[in-house]
Each structure stands twice: as structure tokens, then as C-alpha cells.
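Chemist: First to last, the protein sequences are chains A and B. Heads up: the first sequence at position 94 corresponds to 94 in this note's numbering, and the numbers run straight through without jumps. To convert a position in the second sequence, counted from 1, into this note's numbering, add 286.
No wet-lab data here; the hints were simulated from the structure. Computed from a predicted structure; not experimentally measured. Built from N, CA and C at the ideal position, the CB exists for glycine as well. A hint or two may mislead.
Said to hold, decoys possible - Output of the computed footprint for chain B on chain A, the stretches with three or more beta carbons under 8 Å from beta carbons of chain B:
1. 160-169
2. 183-196
Stated by the list, open to error - Chain A is faced by these chain B residues, among others (derived, beta-carbon under 8 Å):
3. 324
4. 355
5. 356
6. 358
7. 365
8. 389
9. 390
10. 396
11. 398
12. 403
13. 416
14. 418
15. 420
16. 422
17. 425
Each chain is listed here by its residues.
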Amino acid sequence: MASRQTFRQLRASLFWIFCGVALLIIIIPSIDIIVSILKAAIPVIKPDIFTKTTAQGGLQNAILGTVYLGVGVLLTAGTLGVLGGLYIAEFAPARLASVLRFFSEVLSGVPSIVIGYIGYVTLVAKGGLGWHYSLLGGVLALGALILPYIVKTTEVAFSGVPRTLREGATALGMSRVQTIRKVLLPPALPGIISGLIIALAISTGETAPLLFTAGFSDLNPSASLINSPVGYLTGVTYNDLQLPGGNYQALANAAAGVTIVIILLLIFGGRLVTARSRRLVARMDL
Amino acid sequence: MSAGYLSVPAGAVHQQELSTDTAIRVNDLSVLVGQKALVDNVSLTFPHKRITAIVGPTGSGKTTVLRAINRMHDHTPGFSVKGDVTIGDIDVYSPDANLRVLRRRVGMLFQRANPFPQSIQDNILIAPKAHGMVPKNGSRDLCESLLQEVGLWNAVKDRLGGSPFMLSGGQQQLLCLARMLALQPDVALLDEPTSALDPGTTEHIESLLKGLREKVTILIVTHNLAQALRISDEVVFLMAGKLVEHATANKFFHDAADERSREYVSGRIG
Ligand SMILES: Nc1ncnc2c1ncn2[C@@H]1O[C@H](COP(=O)(O)OP(=O)(O)OP(=O)(O)O)[C@@H](O)[C@H]1O
Ligand SMILES: [Mg+2]
């Protein structure tokens, strides 16, 4: 009896040790990456990197480009993804929903470099739409990359709303649109927003699809959507790390630092929203 | 009849015959999942402005019958419904039945309170607004009179804009009752509305229901025979998806025609 209990305790503690090790394997490298990036970046981040372009040794054009790309991605993939997730969760017949889900999963499995290449062939090159390197091309490539993620989080947010709420609305004779707006959207919204924020964070850190579609520019982004390449933070890191000379290295490090800070802020923002939504759902007690 | 609680309380309606004033007619109703009949060829009439209790052992199809009446099975994958249901002039399963009108006239209260994630006031007004039934500037009065009617006004009058999830379970159920009454339904379908509530709140809801009988036809599913006896005029007894007996409450509890009903009343079938 005693030995069996000891065995059980031993097994339990082994389990916890295993969990702890797994956790450390995840945590240590990410902290290591963040710390080493920030360590390299902090000494070289000076106020004038925000006011000068990369041509002048700053990052202004890259920061602006990253922001433009982010806004563009939210407007296009964000809108389309939220509507798509809503359609799959609430409107599509079961068969069609599973077909759409399948294609969305396939898209999410396409490597980002391949998305970039397809973007190049269809949007940038003469044989395709011939936009040259452009903001719109970059937006569409990045959008294709995060679209499945937004579709998924939106679908989960809607289908996670308790069935009892849906039935309550149906039993009151509310139309589907009224039900969605008044009953399903409030509890689904935090999940949708945090999905958008995380998707934005993912797209902020991408490089490959942009190299093929947005190209790169040392000047601030122009007003035109096509025919004009755009700079962006990850591009600076990618390009300048390969160039000889301390100045280039410093700028690459600064760009990596700014990128990681933006991503961390987005992720923390997303977590705040998620925590809020958890509290709301917990209070609903359904 | 040994159980003490089964004696008829003073003031109960001593109706001996089933009412002929029919509000809801159910004809050859079957609810199928694939080939399996959850409800098997049930024909029934529910009397106008009376309370009918639907009783039966667990899994006997009470909820399934109730939900067939306002077409709640429409969105349950795999379910199909056969037969007819008529409520006044509405042919519920006709292809051109207007579901919005049907559900405006037939309210439903669920076993667990399901307030919407909106303010208390919006919970009450949401359905009348959806049906364009709120008088201009009258929303506040409508809200107050409904909350008064269910006895919730004093508890919530200072936090109409607050969340309904801060209310107790019983208060939430009263809010859902007020929300249902906001559409002034002709029929109310109640699925074990008090099974999660304490005796005090249960009694309060029972007396509300007795008062509502003046204007609403009430169908209530309940596991609680004492409750059925306290509030119902007629009783429908189901077993395994089939109708066993439909009788006045008085007859059902004291002189049921079917042996199985007598066994159920005496507690030998659970
Ligand atoms: N989605 C479903 N698929 C298959 N069978 C189902 C489904 N939902 C319910 N049933 C079955 O239908 C039968 C009737 O269920 P119903 O919920 O109407 O019973 P009930 O009388 O309300 O029971 P209870 O008193 O426990 O609430 C049960 O045997 C149940 O297992
Ligand atoms: Mg039931």
C-alpha cells in the first residue's frame, strides 16, 4: 500500500518535472532572443533614427512602411477574414463550411516564401498585373499569409458563444442579423480583436513575402499604392545585416529592436483583450 | 394516494373534463433523428389560457415535444419533424409559416436562465425593438412595468444599465421571464424553468404563472409532480416518446386511466 502510494507520488513529481523542463525549453530561447536583440539594439537606438530615412542612416521610412503595411493588412485581410469567419460560423451550410475551412487550412500551410513568390509572379512581374514592387502587393501577400489565422480566430469566437444565447434569441423571433449584432457579437468581439492583434503581430515580423512584393525603398513611402517600392523594418534587418560596415550592422540591430518592441506591445495588447473576454465569459456562467 | 403533497390544495381548479377551447393542436407529431423517433406520433390539444404540465421520466421526449411547437428543431442538425402543429391561425410547419410572427406570439423560457450580454434594460427591450414594438419614448415605462410584473423592479431599478450577470440565478430567470413577456405572447413554453431555483423563487414564479393564465396559454415541462399538481389544469404524460395519457390534473393525480400513469404518480416510475 505504502509503496504504491510512493510510486504514485513519484510519478506525479516526474510529471511536474517534465512539464517544468518543457516550459523552460519554450521560455529560455524566447527570452534569450528578446534579450539579445534588445541588448544589441538599445545602444544604437537614437532619436534621429525616427527622423531620418535609411538613406540617411535612420529608420523613418521603414517604420512608416511597416505601419502602412499593417494598416493595409488590417483593412484588407482583417475585413475579409472577419467576414469569412463570421460566414463560416453563422451562415455557411455545414458542407460548404467544411470546404472553406479546408482551403483556409491549406492556405495557412503554404510557406511564406512561396506566398511571396506567387505574389511576385501574379502582381509584380510583367506577365502578371505588372504593378512592380508596391505597397499594395506587399499588403496582399502579407494578407494572404494571415488571412487563415483571422478566419479561424473569428470563427472560434462566434462558435464559442454559448448555444443557449443563440436559442434565446431564436425563440424571441430575432432575425439572424439581429441575433449576430445584439447577442453574439458582444461576447465574440474580444476574441475577434485579439485574433486581429496577434495576426498583425505575426505580419509585422514577416520578411519573405515582402521582399518579393513590396521590394524595398530607402525613401519614405509614396502616396501611390502601386509602382513604387516600400521600405519596412524587417527588410532593414535583412538587407543591412548582409552589408559590411558597423553602421549597417547598427541600423540592422536598431530595426530588429524596434520590430520586437512593436510585436511585444501588440502581443501584450492582445493578452489584455483576451483576459477581459475571459472575465466576461466567466461572469456569463452559461 | 398516500403521498401527502398530492392532496389537492384548496382553491385549485377542479376541472373534470378536458377543455374543448383549444389553443394549440398537435397532430401526428413525430420528431426523428435519422430513423429513430424521439417523439412518436403524438396527437394532442392544449387548452386556451390554461396551464398544461408535460411530465414523464427523463428522456421521454418532453423537451423535444415542447421545442417542436415553436420550431426550435429547425437548426438542430439531423432532426426532422413530421406532422402538424396549429396555433390559432398559424400552421406552424407549413412551408410559408412566418417564423418571426410565430416566435413573437410563442414565448419560451429555458431550464437555465440565459440573459443576453447586454444591460438589464436592453435584455427587456431587445425583442420588442427587434419586432418594432417599442412605443416612442415609452421604452423606460415598458421596462419598468415588466420588471414590476415579475417582481424584480425593486431589486434592479438602480442598475438598469448594469450587467444581468451580477443578478442571482433566480433573478436572472425572472429577467428572462420579463424578456419573454415583453412580446406579449399568446403562448408560453417553459422547460423546467424552476428546476435550478430555490423553493422561494420557485413559489414566486409559480404564482406569477397562475396569474399569467388570464392572458397566456402555458405549457410547462416539469419533473416535479408536486409543482404540476400545484399549478396545472391539465397534464400530459409521456413515456419513451409516446403519449400515455392526457387528463385534467385532478384526474391524472387521483384517478388516472392508465396503469403507467398511476405508477408514475405514486413514484414507482422515475
Ligand atoms: N441530438 C440528439 N440526438 C439523438 N438523440 C437525442 C438528441 N437530443 C435528445 N435526444 C434523445 O431524445 C430523447 C428525448 O429527449 P428529451 O430531451 O426530449 O427528453 P426529456 O423528456 O426532456 O428529458 P429530461 O427530463 O431529462 O429533460 C432522449 O432519449 C434523448 O437521448
Ligand atoms: Mg428536458
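Chemist: If a hint holds in the structure, say so; if it doesn't, say that too.
Modeler: Results for each hint:
Figure legend: the stretch 160-169 of chain A, annotated as covered by chain B; annotation consistent (6 residues with Cβ-Cβ distances under 8 Å, at least 3 required). Here's how the stretch 183-196 of chain A fares: 3 of its residues keep a CB closer than 8 Å to some CB of chain B, so the rule of at least three is met and the hint holds. With its C-beta approaching chain A no nearer than about 17 Å, residue 324 of chain B sits outside the 8 Å limit, and its interface hint is violated. Using the Cβ-Cβ criterion of 8 Å, the hint placing residue 355 of chain B at the interface with chain A is not satisfied: the shortest such distance is roughly 11 Å.
Annotation: interface hint on residue 356 of chain B holds; nearest CB of chain A at approximately 6 Å, less than 8 Å. Using the Cβ-Cβ criterion of 8 Å, the hint placing residue 358 of chain B at the interface with chain A is satisfied: the shortest such distance is roughly 7 Å. Checking residue 365 of chain B against chain A by beta carbon gives a least distance of about 13 Å; that is not within 8 Å, so the hint is violated. For residue 389 of chain B, the shortest C-beta to C-beta distance to chain A is roughly 3 Å, which falls under 8 Å, so the interface hint holds.
Hint on residue 390 of chain B holds. Least Cβ distance to chain A is approximately 5 Å, under the 8 Å limit. At a threshold of 8 Å, the smallest CB-CB gap from residue 396 of chain B to chain A is about 6 Å, leaving the interface hint in force. For residue 398 of chain B, the interface hint holds, the least distance from its beta-carbon to any beta-carbon of chain A being 7 Å, beneath 8 Å. For residue 403 of chain B, the interface hint holds, since its Cβ comes within 8 Å of a Cβ in chain A; the closest pair sits about 4 Å apart.
Because the smallest distance between the Cβ of residue 416 of chain B and any Cβ of chain A comes to about 5 Å, under 8 Å, the interface hint for this residue holds. The interface hint given for residue 418 of chain B is violated, since its Cβ lies 11 Å from the closest Cβ of chain A, which is over the 8 Å cut-off. At about 14 Å, the closest approach between the beta carbon of residue 420 of chain B and any beta carbon in chain A exceeds 8 Å, and the interface hint on this residue is violated. Taking 8 Å as the C-beta cut-off, the interface hint given for residue 422 of chain B is violated, the closest approach to chain A being about 20 Å.
The beta carbon of residue 425 of chain B is not positioned within 8 Å of any beta carbon in chain A (closest approach about 15 Å), and the interface hint is therefore violated.
Checked against the numbered hints given earlier, the structure breaks hints 3, 4, 7, 14, 15, 16, 17 and satisfies all the rest.
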